[in-house]
Amino acid sequence: MRPVYALSGGVSKFSKARPDKTFQAIVKEAYDYAISDIGLDFPAFTNIVDGSVASYFSDHFSRQLMAGIMAQDYLGLCPKPSHRVEGGGATGGLCFQEAWKAVASGHMDVCIAYGFETMSHVETWKGNEFIALASDVSWDYPVGGFYSGYYAMMVTRHMKEYGTTVEQMAHVSVKNHINAYYNRYAQKRNRYSVEDVRNAPMVAWPLTRLDICVMSDGAAATILASEEGLKRLEEAGARVARPLVRVTGIGRGTDAMRMADRPHVDYETFLNDYATEQEKSSDDTRKYYKELWDHGTRYPGVHSFRAGRTAGNMAYKHAGIADPLNELDFIELHDAYTSSEIQTYEDLGLCRYGEGGPFAASGKAHMPGIDYGVSLEDQPICPVNPSGGLIACGHPVGATGLMQAVFALWQLQGTVERHFGDPRLQIKDGRRGAIHSHAGTGTYVTVSILESEA
Amino acid sequence: MAKLPEKRPETLGGYIVHGVPFPVETDPEAMAFLKRMAPLQIEQDYQITYLHSYGQDSPWFAAATQKKLLASRDPESGYTYATPRGHDMYSGAETEWIDITDREAKVHAFTVCHFGSEEFLPDTPFVLALIEYEGVNTLFLTRLMGLDPMAASLDWIGMPVQPKFLRNSKLKPTDVYFIPA
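In order, the protein sequences belong to chains A and B. Each residue of the first sequence is one higher than the one before, counting from 1 in the working numbering. Each residue of the second sequence is one higher than the one before, counting from 1 in the working numbering.
Rather than coming from a laboratory, the hints here were simulated on the basis of the structure. Where a beta carbon is used, it is the ideal one built from N, C-alpha and C, also for glycine. Hints may be right or wrong, so weigh each one.
[What the hints assert, rightly or not] Subject to a maximum C-alpha distance of 20 Å in a straight line, what follows is the list of computed EDC-like cross-link-like pairs (lysine to aspartate or glutamate): (1) Lys35(B) with Asp266(A); (2) Lys35(B) with Asp32(A); (3) Lys170(B) with Asp136(A); (4) Lys35(B) with Asp20(A); (5) Lys16(A) with Glu43(B); (6) Lys160(A) with Asp294(A); (7) Lys126(A) with Glu43(B); (8) Lys126(A) with Asp45(B); (9) Lys126(A) with Asp123(B); (10) Lys172(B) with Asp136(A); (11) Lys160(A) with Asp155(B); (12) Lys16(A) with Asp123(B); (13) Lys21(A) with Glu43(B); (14) Lys287(A) with Asp261(A); (15) Lys106(B) with Asp20(A).
[What the hints assert, rightly or not] A short list of chain B residues far from chain A (calculated; beta carbon distances all over 10 Å): (16) Leu4; (17) Ala32; (18) Phe33; (19) Thr49; (20) Glu76; (21) Pro160.
[As the list claims (entries may be wrong)] Which residues of chain A face chain B? A few of them, derived with a C-beta cut under 8 Å, are: (22) Trp125; (23) Asn128; (24) Ser138; (25) Gly144; (26) Ala152; (27) Met153; (28) Lys160; (29) Met202; (30) Met257; (31) Met259; (32) Asp261; (33) Gly421; (34) Asp422.
Take these sequences, add in the hints, and give me the full structure.
As structure tokens, this is what we get:
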């Protein structure tokens, strides 16, 4: 595999509804931004790009099959190669990695990954029904198909196993919403308190409306290229910022669609198959886990995302990361629920399984220099969702994983102020970040590592 | 030869639009003004009846009509699935049916849905739960009745429960639900 660079990106501002444009034209907003950010015009880029990957989740939302090709032709990319990827909430992350593969393999020198979703065409509760159809329609959906309910069940088990509290979950919501306050791309820019989160209407106990992301219309696009592709773009007049940002690791994992089917493995299997290298090498951590297992914990059950741990371990190995908390400068992760951000801290090895709740409230995942209105014991180490994440930015499913890629790229380029119109979310001297994309209850999870060549 | 129709029939159904604002003259200035037009939105219906097959899982539903709960088991390892699977995940072998109706069961995880998908909104608030059975390796998703949904508590996890069956089977997984034992 050869080096792959993330050169540029664009995001349409995510909104509750965008009736002013069709989905193709919304994709074009993100696409045009990505092109113009490297100083190229539309025909020049069209002439050079080798192909694309399209990302959208549900044909139901737009009552339109083959929407990918409709975006492809609207963007003037026919007859160049393209395909659509779909994997629930992880669709955007999968798309990014498919574009990476196209370039890394030598099949393309310049590939654009674009994604979108228009979720406003149906009412919220019909939208929830569409999303719930991404659960087993024989066994899960008919019982009361509702993804917020599924995640709520996962977190009640997490709370029971580890003592995680609703206030710790609320800290995630407060953090991400306040981060988004400084991000003009975010759908929700509100300052909330822990009390606001807990006093919001209950959706699926114990998750309130402010523990859960909203539905959105939006699009995002990212340009990936090989060294040869970069050369071709620059010869055509592109101005690509230095230092370059390279995609240095990708990882993916999966798990059973039905949560009920997830295994409950013993301590030895966990240690051999799932523990991070850091966990395996620590006497203290092995002892900690042995005690958990002695008290009845089994893995992953429904309280942890085995796919997330698998994807993280794979991406870390690829990128040569041994201590993710200290070797990653930030993470944009899939916080469709505050609970899943906490579970993902553990999957990604930022803390041990069972420690996600206290980690959320510690301050280690917060941004430096931002007043969250809460007392935090620790200094920031690895900000998580500096953009505001899905909870505040919105979650137009097919665009979300690519939005994360674009925001991560801007962090590593040091261009957050230019794009967000505010410098406060710029991580100083950020050299390496991770993006994490996650589908229904952890069925597909992708982790990709982006790194500045500074 | 009969005269072929040259007009599509005008109907009174769907959208009948009169007087949508539009410039009288289609001069360049008016055409440029169209860029400021608000979007037109129409309703599109989509309704389909599927003939869904439970395939190899069908005996589970037949058993539920007789107030029996079945599970699938790998014949060699004994790994048992509370939610049926035709083949074992680990051996790849075809599973066998076993009766777990009288096994001890308890709540593994739960939630109270105060909102839901459109189809289930009339049921809210309702309790969703994953049930674990003695000697069974995987869980079963169900509705939990007999508990106050407004008094949700983590203490519900671990609570012994027992199955109840609908008298009039609907051939759905909701033919069985659980109540505190």
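Consistency of the hints with the structure:
1. Pair hint Lys35(B) plus Asp266(A) does not hold up; C-alpha atoms about 63 Å apart against a cutoff of 20 Å.
2. Between Lys35(B) and Asp32(A), the direct Cα distance comes to roughly 19 Å. Compliance with the 20 Å bound is thereby established for this hinted pair.
3. This hinted pair checks out: Lys170(B) and Asp136(A) have alpha carbons roughly 18 Å apart, not beyond 20 Å.
4. Our distance criterion of 20 Å between C-alpha atoms is met by Lys35(B) and Asp20(A), whose separation comes to about 10 Å.
5. Between the alpha carbons of Lys16(A) and Glu43(B) the distance comes to roughly 18 Å, so the proposed pair stays at or under 20 Å and holds.
6. Our distance criterion of 20 Å between C-alpha atoms is met by Lys160(A) and Asp294(A), whose separation comes to about 15 Å.
7. A hinted pair counts as satisfied when its Cα atoms are at most 20 Å apart, and Lys126(A) with Glu43(B) qualifies at roughly 14 Å.
8. Of the supplied pair hints, the one linking Lys126(A) and Asp45(B) holds, its CA atoms being roughly 13 Å apart against a limit of 20 Å.
9. Taken as a hint, the Lys126(A) and Asp123(B) pair is honoured in the structure, with Cα atoms around 15 Å apart against an allowance of 20 Å.
10. At roughly 12 Å between alpha-carbon atoms, Lys172(B) and Asp136(A) fall within 20 Å of each other, so this suggested pair holds.
11. At most 20 Å may separate the alpha-carbon atoms for a hinted pair to count; Lys160(A) and Asp155(B) meet this at roughly 9 Å.
12. A hinted pair counts as satisfied when its Cα atoms are at most 20 Å apart, and Lys16(A) with Asp123(B) does not qualify at roughly 27 Å.
13. Using a Cα cut-off of 20 Å, the hinted pair Lys21(A) and Glu43(B) holds, with the two alpha carbons roughly 16 Å apart.
14. The hinted pair formed by Lys287(A) and Asp261(A) fails the criterion: a straight-line CA distance of about 28 Å is larger than 20 Å.
15. With a C-alpha separation of about 51 Å, the suggested pairing of Lys106(B) with Asp20(A) is violated against the 20 Å cut-off.
16. Separation of Leu4(B) from chain A is adequate, the least Cβ-Cβ distance of about 33 Å exceeding the 10 Å criterion.
17. Consistency note on Ala32(B): stated as away from chain A, and its beta-carbon is indeed over 10 Å from all of that chain's, at 17 Å minimum.
18. Its beta-carbon lying about 16 Å from the closest one in chain A, Phe33(B) satisfies the requirement of being farther than 10 Å from that chain.
19. At roughly 14 Å from the closest C-beta of chain A, the C-beta of Thr49(B) stays outside 10 Å, upholding its exclusion from the interface.
20. Against the 10 Å criterion, Glu76(B) stays outside the reach of chain A, whose nearest CB is about 17 Å from its own CB.
21. The beta carbon of Pro160(B) sits about 16 Å from the closest Cβ of chain A, which is more than 10 Å, so the claim that it is off the interface holds.
22. Checking Trp125(A) against chain B by beta carbon gives a least distance of about 4 Å; that is within 8 Å, so the hint holds.
23. Hint status for Asn128(A): holds, given a least beta-carbon distance of 5 Å to chain B, under 8 Å.
24. Residue-level restraint check for Ser138(A) holds (minimum Cβ-Cβ distance to chain B is 6 Å; threshold 8 Å).
25. With a least beta-carbon distance of about 5 Å to chain B, the hint placing Gly144(A) at the interface is held under the 8 Å criterion.
26. A cut of 8 Å between beta carbons decides the hint on Ala152(A): the least distance to chain B is about 3 Å, and the hint holds.
27. Taking 8 Å as the C-beta contact cut-off toward chain B, the hint placing Met153(A) at the interface holds, the least distance being around 4 Å.
28. Checking Lys160(A) against chain B: minimum C-beta separation of about 5 Å stays under 8 Å; hint holds.
29. A distance limit of 8 Å between C-beta atoms decides the matter here; for Met202(A) the minimum to chain B is near 5 Å, and the interface restraint holds.
30. Nearest Cβ of chain B to the Cβ of Met257(A): about 11 Å, over the 8 Å cut. The hint is violated.
31. For Met259(A), the suggested interface contact is upheld, since its CB lies about 7 Å from the closest CB of chain B, less than 8 Å.
32. With 8 Å as the threshold, the beta carbon of Asp261(A) comes within range of chain B, its nearest partner Cβ sitting at about 5 Å, so the hint holds.
33. Taking 8 Å as the C-beta cut-off, the interface hint given for Gly421(A) is violated, the closest approach to chain B being about 25 Å.
34. At its closest, the beta carbon of Asp422(A) sits 30 Å from a beta carbon of chain B; the interface hint therefore is violated under the 8 Å criterion.
When the structure is compared with the earlier hints, violations turn up for hints 1, 12, 14, 15, 30, 33, 34 and for no others.
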